[in-house]
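> Chains as they are written, first to last, in our numbering: chain A, 411 to 1073; chain B, 4 to 453.
Calculated directly from the structure, the hints in this document are not laboratory data. Please read all numbers here as calculations on a predicted model, not as lab measurements. We put the CB at the ideal spot given by N, CA and C, even for glycine. Any given hint could be a false lead.
Claimed, not checked - Chain A regions said to be covered by chain B (calculated; three or more residues, Cβ under 8 Å):
#1 565–573
#2 692–701
#3 753–760
#4 920–933
#5 992–1002
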Amino acid sequence: MTPYVAALFAGIGAGAVRALALGVVTTFRGSGVVNFSHGAIATWTAYVFWDLRTNVSYPFPFPGPWDAYSFGSDVRMTLVSATVLSLLTAGLLNAVIYLLVFRSLRSAPSLARVVAGVGVLLYVQAMITVRFEAASVRLSPVLPHGVIKVTNRILLAVDAVWLVAILAALAALLWLLSRYTRIGLAIRAASESEKGAALLGFDPDRLGLWCWVAAGLLAGLVGVIAAPMFELTPLLFTELLIPALGAALIARFTSFGIAGVAGLAIGMAQAVVSPLQRDLSWIPRHGARDGLVFITIAIAMAVVGKRLPTRGSLETGRLATVSRRPAPRWITSVLVAAVLLAFATLPSTWGSALLTSVIFTGLALSLVVLTGFTGQISLAQAAIAGIAGFSLSRLTMRFDVPFPVAPVLAALVAAAFGVLVGVPALRVRGVNLAVVTLAGGIAVQEFVFKNPDFVGDVSTGGAKVPPPKLFGLDLGLQSATSVYRPQFGLFVTVVVALLGIAVSNLHRSATGRRMLAVRSNENAAAAVGINAAATKLLSFGLSSFIAGVAGTLVAYRFGSISDASFNLFASLTLLAFAYLGGITSVAGAAIAGLLAADGIGFKAMSAGWSRAGIDFGRWELVVGAVGLVITAVRYPQGIAGVGAGLRSRLGRQPAERGAAGPR
Amino acid sequence: MGIGVRARGIVATACLLTAMGCTEAADAPSDAGQSTTAVTVAPESSAASTAASTTAPDTGSDTASTAAETDSTGAVESTVAAPTGEPFVIGVVNTEGAPGLDFPEFTTAFEAAAEHINRDLGGFKGRPVQLQPCIAKGSPESSQACAQELAEQQVDLVMLGIDIFVAYPTYAAAGIPVIGAVPVLPTDYTADAVFITAGNLVVQGSTANAITSPDYLGLKRVAVITNDSAQLASALGVLTPALEKGGATVTVVTGGQTETDAGYLSLMQEAADSDPEAIVSLYGETGCVALMRARRDLGITAPVFSNTSCLSKRVTDAAGDAAIGWYFAGATGEDNPDDDVVRRYVSEITGGDPADVDLNGFTTVGWGELISIWASADSLDGEVSGPAIIEAFRAGRGTQLGNGDPAPCGQVEAYKSVCTFSIPFAQFTAPGAAPAFGGEMISAVELLPA
């Protein structure tokens, strides 16, 4: 028993840091935004603190000719000064983020806020990379440190105890503020009904701003006092945010106390996994530490999900309308023919970029079905695509299953996983569903992608995939003598075009109409005899099948597959670009492919900048993130949605009735 | 003595593998530190001559030994003719600018080494070397785009810094040989390429040998502290069987990818519970200080084996005497006389002070990689070309990393890209790092899976 108690005690510090969840809850209560950049803000603040203390300089969080302001060598930066400056930085950053980005998205679909959040996350991480490169630093302790010997075997870190005490006090303070102060009550009221709060004379904008500032201060505080307990790395608090999101979810994004306790419990539970693995042979050797936690969260949410709150806002953000009529066939045919021609004629570097775009279009199509048609959000799509990629490797290398049976089987495996990840959707919706699927995606990553039996290892040369061959015809991208064979581009285009046609037909089918009905109003759909649960699961299955097919294309393209292609960031960026393109239509998916990183649009833009003599160099990701945020703010309905609106205004196509989207 | 490529040379992989986002010490030490790693290229030639020290003695070329003279400040007086004619173009792929995946040190080192080669060593057989860089962004798409770009430019050779998703089929189809610094993914070990450093495979095999073989420590109860990442799962997949093949019983303690100091203390304590005779830590640099302190605070006397990322000056400065008793796979524990040359050229590129050049990071790995390619090229009898250079490596005419012996590329068929199967170890003692096991290179071959 002692090893377990010792592990539990050791997990206190890590658990306390999951109190990042307090900031997540604060932001959500104030603005309905699940702030994915909360951890990055904590990391930035910790680096600011380090820079102030070590170099007596202040790094600027925006691009420009100056990296940092140096206070001069004769200035001594005290602990208090550095802490205050760092916290002010965090509060100010969050205020700016709210005012520039999220305030204008208050009435936008929740998906738009997720997308903008991804953009902000990428921006802050990119700035950390630019300013500090991959610096790993060790900060001097801020809290009292040392070890208390409870017994010879059970040790307790002093700083962990302090951290718990401070965060418990903060949680209590937040609770008191929210319960007994006028502004706190107003924020609570606004989180339930912004309209009601506004009628009572409160400005939801201002309330949101205060919450973002408070959340920034919380992030900054965690960054400054907890970073010395770790090695500070660029992704430290972003990685720690993921379990914190789980804690916030358990707290239903409303309770500070539960969020704090849940975070602590998660950290302590993770610490116990190692001795459990030693004593219980049935616990998986790989991925159990995070996987068990997230699978528990996903299951728990599937059980208690209906009690999760949704936010009442002044306006109902809706997804872009779904056009009743697909694009004319001649347009589709011309576009597909143009792509085929491009593959046959473009040089390899451009062809490669076009491949990225076409495959990304396939991935985005999966979200058209799931999100565009059915109104469900998933942050596990990349993981699902990865399942198919690894399955393809397994089927072809180990069982010699031929093409095209192997990719179809692999996509079916992905579909099965997709249905599993989608089960919580029967009880949770909107952003909550996004976080639950994120948990499901991480569980897949942990249990599947870390399992050498499935993904291969050094002895198998990783997860290799042979080129597709049909009746002796080699469809692979490369041959022994050619770095680029247009045949592969043609093959990919045909597959994705077939997927597009299937999605388009699905939209017009009875199944598609059931999906749209569920998206519009689940209760109304049920009232007319539609089985909403079955429709949702079918949607998850179909979309995962499509993602799986795209995953196999990725595997065929590179000849091998790695889990790094299908991580959480991949899922986030997939959703972000799919949404920006236009998540309700096949055309939107194609636009998403155009916008995708390393895609044809991306390359054209880079070439354009290059011709103009502009080389973004290390700023490329910063510029891309800013572009993503601006597009999300400017076009919260997605680019294809803008096009549909224009067509509608021009009278070429009657305005469609919008179906209520996930909120 | 030779060109010293220290610290995270071999075990850059392990560092990468820890979080798929290797981290660099921010407080770049101005001191060279005490150790060199197995990435060392050169043999036992004159300490005063950089060129000589980068050339294998048995390659038949003594051109370089008279190529340049280095004074005590690192200033080089070139005595060879400046290279002329058609440049020898080397495509360079390195990952930069992605969060957690940013290795600009490689690019700097490559540029510095190229300058050194052109200015002091007479280029590649009289041809100036020209680098054609391409930045990968940590995605398969960007790696493939780089490969296709370099194929279109028909470069003579491709040299990798850190490229996670090397597009081997593209290079193979274009007939462009690939020489990498560090194998990262399992596919790298069996690729049609040459890797200058050993990667986790050899580090783990050699570590197992050092621990279990009666020729070295001969210990049979081992605890392994690792984290729950896919990459370290792969490393563990090599280490555990290797230890067991050596007759050891193994206890695995798994922590998180991000741990607090208290978490590391608990992991060390849990490891100690199995009463090990030796402990292996697979954590990269981020866990080193805390684990060193934990071992000291818990009074554990069993030796701990880790990679060279735990030997960076930043770590040893922070850990102090807590580092005593640790072994570092891949480090020689000796100073290197060529550091001044590296500092000089790198600082010319960065515009900084030579004393501020961090010799514990990837800079020296990149420098050593290009210098070793040059050494192989210089050993050629005929015209220099990419295929000829890689053939020289494969024919054993490349220099083995660490001692300058012929590099046994492909010695083990299952890992045909690997050119280093023996590495040195350093041990931290009260005065600092020192050669362990008499400075002997310890082989991994015996304990690697066939």
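> Hint by hint, note whether the structure agrees.
Comparing the hints with the structure gives:
no.: 1; hint: 565–573; in the structure: holds (count 5)
no.: 2; hint: 692–701; in the structure: holds (count 6)
no.: 3; hint: 753–760; in the structure: holds (count 3)
no.: 4; hint: 920–933; in the structure: violated (count 0)
no.: 5; hint: 992–1002; in the structure: violated (count 0)
Consistency with the previously given hints fails for numbers 4, 5, ordered from lowest to highest.
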